[in-house]
Amino acid sequence: MKKILKWLSLILILSVLLTAVFACSKTDNNTDEQTSTQSEGGDSGNEQESSKKEPIKLIVWGGVPAENGPQELVDAWNKAHPDIQVEYVRFVNDDTGNTKLDTALLAGEQIDAYFSYSVPNMTKRIEGGMAEDLSSYGVDDFVKDNIGEEGVFKYKGKLFSIPTTKEPAYMMINKSAFEEAGIEVPTEWTIDEFREIAKKLTKNVNGKIRYGAYNAPDVARMVLEDNYWYKNEGSESNFDDPSFKLSVQLYYDMMYTDNSTFPYSEVLARKLQAYPQDVFLNQEVAMMVSSPWMLRYVNNTAEYPHEWITTFAPLPVPEKGKDYYNTGSLNNWIMMNSKSQYKQETWEFMKYWATEGAATYLLKAGKIPAWKNADPEVVAKGILGDNAEKLFDVDAFKRVALDPNIKYVVDTVTVAAPEIQQILKEELDKLYLKEQTVDQYIENVKKRADEAIKNAAQ
Amino acid sequence: MIIQNKELKKNITGYLFIAPNLIGFMVLTFIPVLFSLVVSFTEWNLFTGTENIRFVGLKNYLYMFSDVWFIDSLKNNLMYTVVTISLALSISLFIAIILNDKVYGRNIIRAMFFMPYISNIVAISAIWLALYNPNYGPLNQFLMSIGIDNPPQWLASSKWALPAIMIMSIWGGLGYNVVVYLAGLKGIPKELYEAADIDGANSWHKLRHVTIPMLSPTIFFLLITGIISSFQVFGQINIMTQGGPARATTVIAYYIYLSGFRYYKMGYAAAMAWFLFIGIFIVTLIQWRGQKKWVNYI
Chain U
1 MKKILKWLSL ILILSVLLTA VFACSKTDNN TDEQTSTQSE GGDSGNEQES
51 SKKEPIKLIV WGGVPAENGP QELVDAWNKA HPDIQVEYVR FVNDDTGNTK
101 LDTALLAGEQ IDAYFSYSVP NMTKRIEGGM AEDLSSYGVD DFVKDNIGEE
151 GVFKYKGKLF SIPTTKEPAY MMINKSAFEE AGIEVPTEWT IDEFREIAKK
201 LTKNVNGKIR YGAYNAPDVA RMVLEDNYWY KNEGSESNFD DPSFKLSVQL
251 YYDMMYTDNS TFPYSEVLAR KLQAYPQDVF LNQEVAMMVS SPWMLRYVNN
301 TAEYPHEWIT TFAPLPVPEK GKDYYNTGSL NNWIMMNSKS QYKQETWEFM
351 KYWATEGAAT YLLKAGKIPA WKNADPEVVA KGILGDNAEK LFDVDAFKRV
401 ALDPNIKYVV DTVTVAAPEI QQILKEELDK LYLKEQTVDQ YIENVKKRAD
451 EAIKNAAQ
Chain V
1 MIIQNKELKK NITGYLFIAP NLIGFMVLTF IPVLFSLVVS FTEWNLFTGT
51 ENIRFVGLKN YLYMFSDVWF IDSLKNNLMY TVVTISLALS ISLFIAIILN
101 DKVYGRNIIR AMFFMPYISN IVAISAIWLA LYNPNYGPLN QFLMSIGIDN
151 PPQWLASSKW ALPAIMIMSI WGGLGYNVVV YLAGLKGIPK ELYEAADIDG
201 ANSWHKLRHV TIPMLSPTIF FLLITGIISS FQVFGQINIM TQGGPARATT
251 VIAYYIYLSG FRYYKMGYAA AMAWFLFIGI FIVTLIQWRG QKKWVNYI
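Line by line, the protein sequences are chains U and V. The opening residue of the first sequence carries number 1 in the numbering used here; numbering runs sequentially from there. The opening residue of the second sequence carries number 1 in the numbering used here; numbering runs sequentially from there.
Please keep in mind that the hints were generated in silico from the structure rather than gathered at the bench. These figures come from a predicted structure and were not determined experimentally. It is possible that part of the hints are untrue.
[Unchecked claim] Taking lysine-lysine and the DSS-like style, the derived pairs with C-alpha atoms no more than 30 Å apart in a straight line are:
no.	chain 1	residue 1	chain 2	residue 2
1	U	Lys454	V	Lys75
2	V	Lys159	U	Lys434
3	V	Lys159	U	Lys208
[To be verified] Here are a few chain V residues that sit away from chain U, every Cβ distance over 12 Å (derived from the structure):
no.	residue
4	Ser36
5	Leu78
6	Thr81
7	Ser90
8	Gly105
9	Gly147
10	Ile170
11	Lys190
12	His209
13	Phe221
14	Met240
15	Ala248
16	Ala253
17	Tyr264
18	Trp274
19	Lys292
Think of the CB as a built atom: it goes at the ideal place given N, C-alpha and C, for glycine as much as any other residue.
Chain U extracted, bound-state conformation (with noise of 0.2 Å):
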């Protein structure tokens, strides 16, 4: 009996032991077919098309909230497509976002298309061989049909994403503060102007001071042409141009000379660098510099309602009369996962996306559409809302955000891109904390960046 029991225990333990074997072995084989899909690339086509009755799963991940607009846009492709259902992930835009989307691409996760919202991230991600060149699709026709050549990011030449968005810089401005103060709202204003306007806006309301500006223009970007971080096609960084001192001594003197914006310590402890909406709608700034993404708040009055309205001006130039890059670009970079199994399908869908799919459907998200074609009157009326008159400005809204004269930069020196970001994230921390002068601050940074060049050229 005894026996019996102990030759029982043993089957038992054995056939747990085979089933785990049996179910690693199982996903194993999985992977293995997945992988030679993949290595057929272009051609799988054929053997999807014997499987029709199952349709095809597309995973999309964006930083815009599905309900802003992404959620409309996925179910009306669902819609119009049964055989290519997409489903949207939102991951948030920030640093812990962007490394939970890259994490999940290391991983190996089905994610068939994405979105990255900086050179730097791009960058980076291109590199990392985790997004597909698009020239076997004819991505170069269809930017030049659909959205132009101007500002266009393009790796080493090609084409790796689509810019979705165009995303102008502005000020945005609390008109009443400014009526308060009895302040016309400029249409063209130079950045001297912008700061003694600060200064008057700045005030004590409620017991809690209010800020001129939250922040202040990037003098640099606008002066300087593409690559504006790069001397000699990127041997060499250009942090020891003149512009540079010039765009940090203006934000630093406006912080602790002129006492008039929003403290720098603030925004670090409310971790406020990707999300600053908060601090123009509880009033506690006057003006921003901004762009159209962050108006889905001003129009979100359930979470943030305020009684007074928004009105914009372009961003104050070092002298008027004169043309000035926006510090803005072509933004919201639709990309292709090099591992996608679908990717003639992702393909179709990206157009669509970046096509009639953003101009219906991504407006309410606050952004303006890349597409030659969207009719700016529907934006206006697409971004600003149901309740556009009583939120906004709106001619000011189309006059500065829907300039057709705008012009972006668009850089195409990329070495050593991620780095550098870093280094101007650390000692513009450094110089806004008042812990270096603005002196050093340019050295050390001209520094780091040269070697971090130094270092990729390796």
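Once you've looked at the hints, dock chain V against the given chain U.
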């Protein structure tokens, strides 16, 4: 022959019993750890697959010492370990001794101290983030109300960010230390104190010559586990400061994570992880040797 056969059967049965755990450990821990050792001698971007792994010898290990991020991470981590461990161990000993006497509502107080230990680090960090706000946070409001005009900027200052995190970590770990200490205190025979009383010892003498020596195995245990976990501090850094301002609060575990998943340098991240492992191993070994001098097992 028959005996051998029996032995063999016994052994097989034994192995089969530990097999589920052993296999799990092998597949999920041991093999990945070995693999990470191999990876540490390579340059490898996880995304491009194992076929693109490139051996670079000791390059990753040598690069560490010229990398400002790594050096600062190491410095911060050492500072963090020394300060939090020494303060946490002494404060919690003090609290445990008080609680060990007949204190009114002892169980409630003990539970209160233990609360942070079982709370989620994310929730704790979010609350301390608000407490530490330089202008409107309750902490600085309080400091200003008692006459300190320029209270520390806490997380928004290179000088105070690391101390701020240390304070939170010490507070968070107190409960666990106190409970372990209390268990240790319960184990000290009453007779020793009685004998000390008869010899005319005052309370300091009793603490110094009875309590601490008798508690030394507990202190040793808390010291070793505390040091090991302090080298793995990650959650609060990731949530509260992301290593900033500048590099003021970066620590090794955080930098390993950044290197691997933000900069895609798996090889370098693995090399740092192994450096950390060897470092902790040596520190633990030294303590193990050193314990002979001061730890008393009855």
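A quick look at each hint next to the structure:
Distance hint between Lys454/U and Lys75/V is fulfilled; the C-alpha atoms sit about 26 Å from each other, no more than 30 Å. About 12 Å separates the Cα atoms of Lys159/V and Lys434/U, which keeps this hinted pair within 30 Å; it holds. Our distance criterion of 30 Å between C-alpha atoms is met by Lys159/V and Lys208/U, whose separation comes to about 27 Å. Every Cβ of chain U is farther than 12 Å from the Cβ of Ser36/V; the closest lies at roughly 15 Å, confirming the non-interface assignment.
Taking the minimum C-beta to C-beta distance to chain U, about 21 Å, the non-interface status of Leu78/V holds against the 12 Å cut. No beta-carbon of chain U is positioned within 12 Å of the beta-carbon of Thr81/V; the least distance is around 23 Å. With a minimum CB-CB distance of about 30 Å to chain U, Ser90/V clears the 12 Å threshold, and the non-interface call stands. No Cβ of chain U comes within 12 Å of the Cβ of Gly105/V; the nearest lies about 36 Å off, and the non-interface call holds.
Interface exclusion of Gly147/V from chain U stands, the closest Cβ pair being 20 Å apart, more than 12 Å. With a minimum CB-CB distance of about 21 Å to chain U, Ile170/V clears the 12 Å threshold, and the non-interface call stands. No Cβ of chain U approaches the Cβ of Lys190/V within 12 Å, the least distance being about 49 Å, so the stated non-interface status holds. Once the 12 Å rule is applied to beta carbons, His209/V is consistent with being away from chain U; the minimum gap is 48 Å.
The beta carbon of Phe221/V is kept farther than 12 Å from every beta carbon of chain U, the shortest such distance being approximately 35 Å. Not every CB of chain U is more than 12 Å from the CB of Met240/V (nearest about 9 Å), against its label as outside the interface. Not every CB of chain U lies more than 12 Å from the CB of Ala248/V, the least distance being 8 Å, so the non-interface label is violated. With a least CB separation of 14 Å from chain U, Ala253/V remains clear of the 12 Å interface cut-off, as annotated.
Once the 12 Å rule is applied to beta carbons, Tyr264/V is inconsistent with being away from chain U; the minimum gap is 5 Å. Residue placement check: Trp274/V keeps its beta carbon more than 12 Å from all beta carbons of chain U (closest about 20 Å). With a least beta-carbon separation of about 43 Å from chain U, Lys292/V lies farther than 12 Å from that chain, consistent with its non-interface assignment.
Violated hints, in rising order: 14, 15 and 17; the structure is consistent with all others.
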